[in-house]
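Novice: Sequence:
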Amino acid sequence: MSVLSIPSPAAAEIKGRLRPTDADGAPPTTELLPRIDVVVAFWNESKLIAPKVRNLLALDYPPELLRFIFVDGGSTDESMLVAKLSAKGDKRFAWLSCPGRGKTAQLNMAMDHATAPWLLVTDADARLPTETLRSMIGAADRSEKIGLVGVRCYPRHAIGADRAHWSLWNTIRKVENVFGCATALGPCYLIRRAAFGGWPKSVIADDVFASLEINRTGARAILSDVLVIERRAPSGLLALVWHKLRKARAVVREFLRFLPRSLEFGWKSCPIFLFRAIALLLGPFAILTMIGWLAITFPFATLAGAGAFIVLAGPAGRRAQVVQKAARAPLLMVMLSIVLVVAIATCAFVRSKPEFCRWKQEEM
228 MSVLSIPSPA
238 AAEIKGRLRP
248 TDADGAPPTT
258 ELLPRIDVVV
268 AFWNESKLIA
278 PKVRNLLALD
288 YPPELLRFIF
298 VDGGSTDESM
308 LVAKLSAKGD
318 KRFAWLSCPG
328 RGKTAQLNMA
338 MDHATAPWLL
348 VTDADARLPT
358 ETLRSMIGAA
368 DRSEKIGLVG
378 VRCYPRHAIG
388 ADRAHWSLWN
398 TIRKVENVFG
408 CATALGPCYL
418 IRRAAFGGWP
428 KSVIADDVFA
438 SLEINRTGAR
448 AILSDVLVIE
458 RRAPSGLLAL
468 VWHKLRKARA
478 VVREFLRFLP
488 RSLEFGWKSC
498 PIFLFRAIAL
508 LLGPFAILTM
518 IGWLAITFPF
528 ATLAGAGAFI
538 VLAGPAGRRA
548 QVVQKAARAP
558 LLMVMLSIVL
568 VVAIATCAFV
578 RSKPEFCRWK
588 QEEM
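Numbering (the working numbering), first residue to last: 228 to 591.
Any given hint could be a false lead.
Keeping only pairs whose Cα atoms sit at most 20 angstroms apart, straight-line, the calculated PhoX-like set for lysine-lysine is [stated by the list, open to error]:
1) Lys372 <-> Lys495
2) Lys318 <-> Lys274
3) Lys495 <-> Lys401
4) Lys372 <-> Lys401
5) Lys428 <-> Lys474
6) Lys372 <-> Lys315
So the derived label-pair ranges between C-beta atoms look like this [unchecked claim]:
7) Ile505 <-> Asp317: 22 to 28 angstroms
8) Thr398 <-> Lys495: 30 to 36 angstroms
9) Glu371 <-> Glu491: 42 to 48 angstroms
10) Glu491 <-> Lys315: 42 to 48 angstroms
By construction, these hints were calculated from the structure, which means they are not laboratory data. The beta-carbon is built from N, C-alpha and C at its ideal position, and this holds for glycine as well.
From just these sequences and the hints, can you work out the full model?
Specialist: Okay, here's the thing in structure tokens:
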């Protein structure tokens, strides 16, 4: 006899133990699951939109509790036609065309048409595991104060520097999750509609704005244990640099939007918000200053270090795995940083005090 068929009170207890008990919490039963509206804002995604539709249809969630809202931002290709053909007449799909350009306008249009208590925002190039919705709802079900649930994200095809960035960023977000102020990622995040009023027209980074606004209103933003795969990533180091600069500009803009209202954040969220704002605003200048000082003081060592970075951050493969594994070990990164700082300080001291590195000549 299987465990689940034991006709006794102990069976329910044993069955409960078989359900997930990790940080996501146990997923609710079908009778307790809420309705979810899944929003996909797209533009010229004819190559990715069909796999996206199939990916959403494969999600493990009661079909009667799901609705899919696809919003076209003025595509010039056949994205909308391809998406409709892939849906095969499924009545749960709603097809909208947004007159305004930009993802923010598309999301606001979708939110106006949404009726479910939860809104899942996901990109066309994001591939969600089948358990995504149950896991995220299970995490949100732990408290009514939870207004946003994010996921971990990782690119499927990326160069070493990009893989290292995602690994490090996922680690940082785990720390934020402890305080209930995790930053959502655009490829996939879940919003409680009652805790969120929408995006202002000037918003560029919709995920960052949603996370900060949720925290500002007193709700919590947490992470589930879902790992979403992003199908699209910069293919070269130069493309990666420009991509990150564009993303950084959008993120900094959202933090500057909330900076005058930082005192409206809770006592847990406010220090984290201020730390992230200071790091975003001053971090790049500190890094540039350090690189400039190294270039002036140790020009050959700086060139060697830059060359090593380019080699490691280049094509994916064995060299990229070195960067990836290093970024997954925060303690190792901290230790290496300390060693580097000590080495630089020692070299600077020796350079300023040459008498300490000279052997005393014996008097003849």
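Novice: So, for every hint listed, does it hold in this structure?
Specialist: Here is how each hint holds up against the structure:
For the suggested pair Lys372 and Lys495, the alpha carbons sit about 14 angstroms apart, so the restraint of at most 20 angstroms is met. Between Lys318 and Lys274 the alpha-carbon distance is near 23 angstroms, which puts this suggested pair outside the 20 angstroms criterion. The suggested pairing of Lys495 with Lys401 holds, with an alpha-carbon distance near 15 angstroms, which does not exceed 20 angstroms. Of the pairs offered as hints, the one joining Lys372 and Lys401 holds, with about 19 angstroms between alpha carbons and a cut-off of 20 angstroms not exceeded.
Restraint check: the Cα-Cα separation between Lys428 and Lys474 comes to about 18 angstroms, which is no more than 20 angstroms; the hinted pair holds. The hinted pair formed by Lys372 and Lys315 fails the criterion: a straight-line CA distance of about 38 angstroms is larger than 20 angstroms. Restraint check, Ile505 to Asp317: a C-beta distance of roughly 48 angstroms breaks the suggested window 22 to 28 angstroms. For the hinted restraint 30 to 36 angstroms between Thr398 and Lys495, the CB-CB distance of approximately 19 angstroms leaves it violated.
At about 20 angstroms, the CB distance of Glu371 to Glu491 disagrees with the hint of 42 to 48 angstroms. At about 47 angstroms, the CB distance of Glu491 to Lys315 agrees with the hint of 42 to 48 angstroms.
Of the numbered hints stated above, those contradicted by the structure are hints 2, 6, 7, 8 and 9, listed in ascending order.
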